[in-house]
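In order, the protein sequences belong to chains A and B.
With the numbering used here, the residue at position 132 of the first sequence is 132, and numbering never jumps.
Basically the numbering used here = 1-based index in the second sequence + 1000.
Derived BS3-like pairs (lysine-lysine); straight-line CA-CA distance at most 27 Å:
id: 1; chain 1: A; residue 1: Lys340; chain 2: B; residue 2: Lys1299
id: 2; chain 1: A; residue 1: Lys334; chain 2: B; residue 2: Lys1079
id: 3; chain 1: A; residue 1: Lys340; chain 2: B; residue 2: Lys1066
id: 4; chain 1: B; residue 1: Lys1079; chain 2: B; residue 2: Lys1066
id: 5; chain 1: A; residue 1: Lys145; chain 2: B; residue 2: Lys1199
id: 6; chain 1: A; residue 1: Lys165; chain 2: A; residue 2: Lys145
id: 7; chain 1: B; residue 1: Lys1079; chain 2: A; residue 2: Lys205
Bear in mind the hints are in silico, worked out from the structure with no lab data behind them.
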Amino acid sequence: MARIRGKSKTAEILTLDAAVKKYALSGSQIAFSGFTGFNRNPFAFAWEMVRQGVKDIHSIDRHGSCCTWLLNAASAIKIFETDWMGWGEMAGKLDINLGRNYKAGKVILEDYAHGAMAMRFLAGAIGAPFIPYSAPLGSDLYNEKYDALGKAGLRDGKNPKIAKKKFIQMEEPFWGNGDTVLLPAAMPDLAVIHVAQAGDKGTAKWRGVGTIDKEISFACDKVVIIAEEIVPEAEMRKYPEANQIPYFVVDAIVECPWGAFPSSVPYYYDYDAPFMRVMDAASRNPDDLKKFLDEWVFGPASWEEFLVKLGAKKLLDLKAESTGYSTRMLRGKKPAPRMKMPLSVARSGY
Amino acid sequence: MAKSMEELMELIDKIPDTPAKPGEFILPELMAIAIAHEVHNDDVVFAGTGLPMVGIMTANFTNAPKATLIYESGICDGKTMHVPMSVCDQRAANMSSTLGGLVDTFGYYLQQGYVTLGFLGGAAIDKYGGVNVTSIGDYYNPSHRFTGSGGNSDIGTMAHRVAYIILQEKRRFLERNDYTTTPGWWCWDFKTNEWKPKKEVWKNTAYANNGPCGVVTNMGVYRFDAEGIIYLETCHPGVTVEQVKDNCGFDLNVSKLSGDTPCPTYRELFILREFVDPELIFLPAKTPYTPDIQAIVDKG
Chain A
1 MARIRGKSKT AEILTLDAAV KKYALSGSQI AFSGFTGFNR NPFAFAWEMV
51 RQGVKDIHSI DRHGSCCTWL LNAASAIKIF ETDWMGWGEM AGKLDINLGR
101 NYKAGKVILE DYAHGAMAMR FLAGAIGAPF IPYSAPLGSD LYNEKYDALG
151 KAGLRDGKNP KIAKKKFIQM EEPFWGNGDT VLLPAAMPDL AVIHVAQAGD
201 KGTAKWRGVG TIDKEISFAC DKVVIIAEEI VPEAEMRKYP EANQIPYFVV
251 DAIVECPWGA FPSSVPYYYD YDAPFMRVMD AASRNPDDLK KFLDEWVFGP
301 ASWEEFLVKL GAKKLLDLKA ESTGYSTRML RGKKPAPRMK MPLSVARSGY
Chain B
1001 MAKSMEELME LIDKIPDTPA KPGEFILPEL MAIAIAHEVH NDDVVFAGTG
1051 LPMVGIMTAN FTNAPKATLI YESGICDGKT MHVPMSVCDQ RAANMSSTLG
1101 GLVDTFGYYL QQGYVTLGFL GGAAIDKYGG VNVTSIGDYY NPSHRFTGSG
1151 GNSDIGTMAH RVAYIILQEK RRFLERNDYT TTPGWWCWDF KTNEWKPKKE
1201 VWKNTAYANN GPCGVVTNMG VYRFDAEGII YLETCHPGVT VEQVKDNCGF
1251 DLNVSKLSGD TPCPTYRELF ILREFVDPEL IFLPAKTPYT PDIQAIVDKG
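Kindly generate the complete structure, drawing on both the sequences and the hints.
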């Protein structure tokens, strides 16, 4: 929804720990960039949040990620408004930590669907209070009985970030297209967006899929950009059509190379499926999980030290090739074959 | 010495396109190729992660090379060289036509009506093709909590037709789901609190006639009749009708059974093993070829 904004924002360049301290406030509503656990998760930011003991987060997202995995591992998420409770698809799927916290009544889970969350963020981004969407009629997602935030008494209008209704089904009033579903805009407190490059004024870009990161950046009150590299703003102005986020929505920029590990940043580095499997295995047993957190989250003195602990060999194996990903990392049981052209194109063209 | 991928490509047409015999392939291979057969060359396919993705990649390499593949993270028509582990994997975006985001895929493509085939998984399914990927038991205190909808409910209702791949067990094949994530041919009308044909609940919308067209399980292939009720079309080789019925939670219509699910051909298996998942991410192991096929591979 359109908010009363002050002047154009002036982005400040901060360190990772300063950005977390200033913007990741306990109890706030946060959205992370990327897609599931595989693509541009601002993992270093979530990692620093856990180290600083940020808690009671209302995570609003279209799925879990490496970030929510870690926050759930530290029981730092109180409300998870999402549509997919997994985080790593073929490397881990269901978030065991979230499942455990949910069973223990420590987290409220509000279900939507991918398309619905995308539309809610689009509404938030364009300043619309709600958006009509052809959400599935007859799905229990849009059954008034199943409204977790409502059941918890949180739709009383007291929290400006929680809509007074989960949805409204109504007859489409303009064209006679049957029933449609109105969804409330999503407009969280904070967006944390991991990008490939940011200019020192805040203009930002990535390569590969966009997921809903542009929408999130405009839908949230505050925007923190985590960049693989900060470059002179002039550099970003050479090919402005390749940029997605204009500087005036950005509050802070953090330079954090490899900051999306173990997820990928296309054309920079690939995801680390074996590491994600280690995370998944650790979450299956509270003792193993504590060991994992002690070793990988609380152990290193800084993110740089975390990377040193990963080792040069690992980082080299993950480094992207001209395709944008790496074929040196063992993802399955056999190494990746050396391909020159996709089979479909070789045999049938486009 | 191991052959290059280009040399293996040259061999494809020399491998006979005749059905393999039971025992010469494993169940995940049969299932992946069975779902690949659902794809037509002129389809715009929107697929979820896992087996559905492997299935359409196989289709794109065999029977439907011109099909357009959409992945929900924003990928339009990726030409994949290495099997992706996620729908946002850069591997899936290789040589794509355009790269956008979720608003593109769910709005511009799906809600707009461009997607002809959805390809999805599910935790449980009812006899009308309604799918549950959310929870078993009481929603607020479930005995099992699954991942939740993801794109399932959107794709499963706005694509013109939808194919599901589901593990078949008595507790997963149900008269009615505990929670309907994606409605099938019958669903609740929450306004009147009546269980109705989906066509009536969705009356006047652009999607009223969309719905499930097929289900592939580890035991057979299923279709839906004019009333929107599931029936058994074929049993996988070696599976009996009794076994299928034993693993179904309702009185299954088996009267339209038309024999065994066709076995994958040697060529399809070659493509699946050498080009779709040679890294063994989704397939548990590489099944040995028969001596005849191995001879072709070796001599080339």
